[in-house]
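Residue numbers (our numbering), protein chains in the order written: chain R, 484 to 769; chain D, 186 to 419; chain P, 418 to 744.
Treat the hints with caution; some may be incorrect.
[Unchecked claim] Lysine to any residue pairs mimicking SDA-like chemistry, simulated, CA-CA at most 20 Å apart: (1) K384/D <-> P352/D; (2) K314/D <-> N642/R; (3) K289/D <-> R643/R; (4) K237/D <-> L572/R; (5) K313/D <-> R643/R; (6) K289/D <-> T644/R; (7) K381/D <-> P352/D; (8) K381/D <-> N356/D; (9) K208/D <-> G247/D; (10) K289/D <-> V669/R; (11) K289/D <-> G647/R; (12) K211/D <-> F361/D; (13) K517/R <-> L765/R; (14) K313/D <-> G647/R; (15) K314/D <-> Y638/R; (16) K668/R <-> E260/D; (17) K314/D <-> T644/R.
[What the hints assert, rightly or not] Now the in silico label distances, taken between C-beta atoms and shown as ranges: (18) G755/R <-> F581/P: 40 to 46 Å; (19) S557/P <-> D486/R: 29 to 35 Å; (20) G422/P <-> S242/D: 36 to 42 Å.
What the hints contain is simulated information worked out from the structure, not anything from laboratory work.
We treat Cβ as the ideally placed atom computed from N, Cα and C, and that holds for glycine.
Listed below, chain by chain, are the residues.
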Amino acid sequence: MFDQIVMALLNGILLGGVLALLAFGLNLIFGVVKIIHMAYGQFVMLGFYFIYYFYSSWSVPLIPAMAMGIVAMALIGVLTQLLIINPLLNAPRLNQLLALASLIIVVENLAQVIWGADYRGIPLSMPIIQFGDIYVRSSFLLAFGGAILTLLLLYLFLNRTYLGLGIRAVAQDLDMAKAVGINPKVIYILTLATGGALTGLVAAFFVPIYTVHPHFGASFTLMAFVIVVFGGMGNLLGGFISAFIIGIVTSVTAVLSSAEAANILALALFIGMMMVRPQGLLGTES
Amino acid sequence: MLNVRDVNVFYGEFQALDSISLKIEKGQTVIVVGPNGAGKSTLLQTLAGLQKPRLGSIEFDGRRTDQMEAYQVVEHGISLVPEGGRVFPHLSVLDNLKVGSYNKAARSQADTWLPRIFELFPILAQRKKQRAGSLSGGERQMLAIARSLMAQPKLIMLDEPSLGLAPLVVNMVFEFVQTLKQEGYAILLVEQNANKALKVADYAYLIESGKLVFEGSSEDFDKNPYIKTAYLGL
Amino acid sequence: MQLKGKIAVYGQIALLVVLVLLPFVVTSRYLTHIFTLILLWSFVATAWAYMARFGMVSLGHGVFLGIGAYFPMLMFNYWGVTPWLGILAGLVVAVAVAALLGYTCFRFGLLGDYFALVTLAVAEVSSLTVMALREVTGGSLGCTLCATGRMADMQFEDKRVYYFMALILLMGAVYIWRRIDRSPIRLALTAIEESEIAASSLGVSVIRYKVLITLLSAALTALGGALYAQYVTYVSPDTIAGVSVSLAVCFKAILGGMFTVLGPFVGSAIIVSLEEYIRIALGTSFLGLSQIIFGVTLLLMIIFLPKGILGSISEKIARRLDRVTVR
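One chain only, chain R, in its complex shape:
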């Protein structure tokens, strides 16, 4: 039993890394464009389907297929910005929420119509690494490593480049950012492209771990929200920490009880946090 818990802990940390990528993307979009991307998990699902499609229908080898999937999702992100977010920048909150929520319906059903309700996946066998009685899947390790590396690169981008500076400025004070010469439209597109690319990346990491189906996105959308709100919406560090907390909690609960219980616990944590401290762990009252 102890071994199982340790493994669950480990898996929780490893998956936490990937979830941290999701949290980053959502927080970036919310912080900069001030919009909650309601269909973020569905975008991950779409990325997965893209990779699957390139691999199986176009016979593209796996790694290039993953790269193409990332690019495809970056483009989808840009399209989302241009077609949906841009026209609604000054619309009431409700309209923005509902517009993105309707994306949930469109993307899920598009997947169902095109690829059917069956589970699709790319069969990959990757080695399992053993430490004594503890087994770790190398796919998890790879995902974790890739996620941490990406987060590092993103950190450098935000803090050492002019574009990154521009993104941070727009997130803090849009008018001031305009007044120092930043073109917000470019920043928004960049933000959505990055957010989209991240979903493609997460999908790539998920390929050796999961199979995809039209409702795949739903649990990740909610998981991403739970993490992001728990850590403080718009707060990149908060999202990072929260991803690991939630990752570990759900992983261990799933082992101790059941997968559904884990999800219910995560949601209960979310609702609880909302009521006790709505700004999340590291958020500031705005």
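Position chains D and P against the provided structure of chain R, taking the given hints into account.
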């Protein structure tokens, strides 16, 4: 250099500026005074491109700027120091200055300018790595002005730079405006504190309720009895 | 009464007459069935709109639908409790959940976005709970009502009874809204929307009014879920709890125009009819196509017609009438 003609600005149905016209020549220091809510901030925001006039035209350095986006206006050489010592609170002092040189023309100069700025503002050099939001009011105002310089402007617009600051600090700010003047920048200064402002001005405008009510040199203002009592507290 | 008002009232009376006569004039059982569904969903959408009109946008009304549907049905299937009583149990639970949700959210000042997210989470919890308790509820396979055909069990041979039940519920919902609209509650909640601080400084109990509307909305929605279960005799977490049905309810209200009295009715009519049409035309080969069309239509509507169909039309009519009368 700056030619503002009959600019009308509306917020929805409310008219904030009514046929405002003003001119600024190269290297000139022009001030706009007027009571609270007269539309002074709106004027600066419009000149910066953050608001668009419904009627009228703004010409700067030979180009029409009234319909330009704010970032384009900055590229053309107008830099705004907004009121209240507004800085990017979660960025460091250094990052605040760097972001000031965001526009393409200024970026290449950023590295040469930073040391100069730190010479002019030693306090900022000390607090380089500090979060800008944790600076005092006066320091933030200095940072805001320093940041506007990083944009390589030809015209600097200051929105009520003395607001909320202690008298000693206010003196420092106005001394600084003198320095800017000597460096050759064109300056547009908006102030409620007419006394201090008139001392640095080459030319002045008085706005009340969105309308231009009086214009002239500092002496003209001094001699006008209405202005003397209403604004100069004499 | 102003011209605008007169048109509205006469229009609604005419509509009512048409709806009452419909099952007697239309012989096709199928069409009556479609209209029953339209009325049912209009009722639910109207109840949803109570909250949304005051800025409390719930993306999780599926939880109330689910409670209203599952409780009476399970109590009947397992314990033989007649739905006439079972529904009351469902209502009590729905109201309790709504009270908990409402009080904790509004007490802690949860605003628009966060409230919507919490309701979304609650909807997901409800659907997950149904699936977790699959021994009892049948999980994702759904649950079928034991058929007895007895009136005492709220089962009627003549399906037109359900039609009229739905019609009465809809009329009730519209009537209740009218009363709310004219009551101090409406003024209070509008004031709240404008400025919570100002409102509470006037002694208006912000929280109490918000919770009240939430309870009402939840109770009516649960009632709708109960009637749905009795009529359609089959429920599953996809159709009556969970996120997709919650969003579907929002769409129906918004498509027609959330702020107009009959907007939800118009929206439901359009959506239900279109769903049926697509189902017939395309069969199961394009399952999900109707949803795609709705999603895209809703997107386009939000961008181009944010007041919904009825809302935009009534705005145009109002403007025309203004021009006519102000001369």
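Hints and how they fare:
Under the criterion of a C-alpha separation no larger than 20 Å, the hint pairing K384/D with P352/D is consistent with the structure, at around 16 Å. For the given pair, K314/D sits about 13 Å from N642/R by alpha-carbon distance, which is consistent with the 20 Å threshold. Restraint check: the Cα-Cα separation between K289/D and R643/R comes to about 17 Å, which is no more than 20 Å; the hinted pair holds. Distance restraint check for K237/D and L572/R: the Cα-Cα separation of roughly 18 Å lies within the 20 Å cut-off, and the hinted pair is therefore satisfied.
Among the hinted pairs, K313/D with R643/R is consistent with the structure: their alpha-carbon atoms are about 15 Å apart, no more than 20 Å. Distance check on the hinted pair: K289/D and T644/R sit about 14 Å apart at the alpha-carbon level, within 20 Å; holds. Annotation: proposed proximity of K381/D to P352/D holds, straight-line Cα distance about 11 Å (limit 20 Å). Pair hint K381/D plus N356/D holds up; C-alpha atoms about 9 Å apart against a cutoff of 20 Å.
Proximity of K208/D to G247/D is assessed by CA-CA distance (about 13 Å); at most 20 Å being required, the pair is judged to hold. For the suggested pair K289/D and V669/R, the alpha carbons sit about 14 Å apart, so the restraint of at most 20 Å is met. Between K289/D and G647/R the alpha-carbon distance is near 15 Å, which keeps this suggested pair within the 20 Å criterion. Between K211/D and F361/D, the direct Cα distance comes to roughly 19 Å. Compliance with the 20 Å bound is thereby established for this hinted pair.
At roughly 17 Å between alpha-carbon atoms, K517/R and L765/R fall within 20 Å of each other, so this suggested pair holds. Note on K313/D and G647/R: the hinted pairing holds, with a Cα-Cα distance of about 19 Å set against a maximum of 20 Å. A threshold of 20 Å between alpha carbons decides the hint, and for K314/D with Y638/R the separation of about 17 Å falls inside it, so the pair holds. This hinted pair checks out: K668/R and E260/D have alpha carbons roughly 16 Å apart, not beyond 20 Å.
For the hint pairing K314/D with T644/R, the CA-to-CA distance comes to about 17 Å; that is within 20 Å, so the pair holds. Range check, G755/R to F581/P: Cβ separation about 44 Å, and the 40 to 46 Å hint holds. Range check, S557/P to D486/R: Cβ separation about 33 Å, and the 29 to 35 Å hint holds. A beta carbon spacing of about 47 Å between G422/P and S242/D contradicts the range 36 to 42 Å that was offered as a hint.
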